[in-house]
Amino acid sequence: MSLFGLYNYWIVVFLMMAGFYVVVAHENLIKKIVGLNVFQASVFILYITVGKVQGGTAPIIGENFTIYSNPLPHVLILTAIVVGVATTALGLALVIRIKEAYGTIEDDEIAALEEEP
Amino acid sequence: MALTVIAIIRLRNLYAVVMLASIFSLMAAAIFVILDAVDVAFTEAAVGAGISTVLGLGTIALTTSEEKKPTRLKLFPLLVVLITGGALIYGTLDLAKYGDPNAPAHKHVAPTYLKEAPEKTGIPNVVTSVLASYRGYDTLGEVTVIFTAGVGVILLLGNWRFIGRRREDNDV
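Chains A and B are the protein sequences, given in the same order.
Counting from 1, one number per residue, gives the positions in the first sequence under this note's numbering.
Counting from 1, one number per residue, gives the positions in the second sequence under this note's numbering.
It is worth saying that the hints were derived from the structure and are not from the lab.
Treat the numbers as computed from the prediction; the structure is a model and nothing was measured.
Calculated cross-link-like contacts (lysine-lysine; reagent style DSSO-like; alpha-carbon spacing at most 30 Å):
#, chain 1, residue 1, chain 2, residue 2
1, B, 69, A, 32
2, B, 120, B, 107
3, A, 99, B, 68
4, B, 97, B, 115
5, B, 68, A, 32
6, A, 99, B, 69
7, B, 74, A, 99
8, B, 107, B, 97
9, B, 74, A, 32
10, A, 32, A, 99
Pulled out of the complex, with its shape left as it was, chain B reads as follows:
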């Protein structure tokens, strides 16, 4: 996974970059399966590795497939990234250990969901029952965001000039 990311940084052929991003998503999906998040894994495989790649390839077809050569070596971004990374690593030192069953994240509402969800909603898959029932409003918000993004894409890429011209023709 790290190798894929480094290749994404180094390569200038955008077609290769988009395909590597797809492979990266697929590996992330495999990691999600290992971490018990099966629902997340198949969403990532379908959306991250599938739809994002199609969108990226479409954009390359409409624009350009080669990044220009870098004019100079950029030390400042590297410095910023290293400092931020160091700060984040320092921040992780206080976090709960990987897989710790006593971590605060597992002590709040999650046990309630695991205990009640099958009886209250009748669905054995807790992720589904939380998504659609307990946190249905989150999903409503998600649908709103997708709708807004869809409207934005249509406004940006729709052929409005053509429609305007046709209307002028009708007026004449």
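Same shape as in the complex, but just chain A:
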């Protein structure tokens, strides 16, 4: 059994875990949101590689082509990208409010401030 055809998923897993690491290991909230974006992009790449057909072309119907890539994942990811930027905007707005309220955007410092009476 050849495993070579699965390398696209392994790229996705690497990017996903890198984003995940940024989210769990870093305290800075802006960096956490960038990590979430990387995670998100890895999911986009996963869907788009699933939609790829060998020898296919972009799903715009023309007379000279017979094989097209799957258009459905493209539609889903088009929606997901725009939703992703909306949630990013909301997250960054929350970060600005947290900075105003606590004077820091480091997660552990905020936790320490909360524990003080």
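Following the hints, put chain B in place on chain A, whose structure we already have.
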């Protein structure tokens, strides 16, 4: 792309991190072009590399541009990430091969869309016809999410205290 991500993990200057995230998005867009997803590619280039970067830079301007030094080496998150990654790699072993035309994903509704969409909607670009016609309700839901996010941002960042004060002044 992997190098960019590693640099994002290592760097503590948030300005550099946001710019690298922009470069990462642009490379993702290039990959989408190679994978035949042209519509997705220009959305990613405009939204991911453009708007997200502007939002990130705006946030840095309003907060801080330097991450503090890590206090200790964190082994536990690394362990969690490695175990999750290993499980995911194990999960990929059963998936369809890259570009396989007989994969289950290509056997369900996609052939119907490719065959019928140009005749039924009159649009040669199948992605557009599926987005706006067959799955128009998805796009409606997307608009709802964006609207909610926009309302949330306005509520969080709008200057409500000022408005409240002005109202009190009027009462007096």
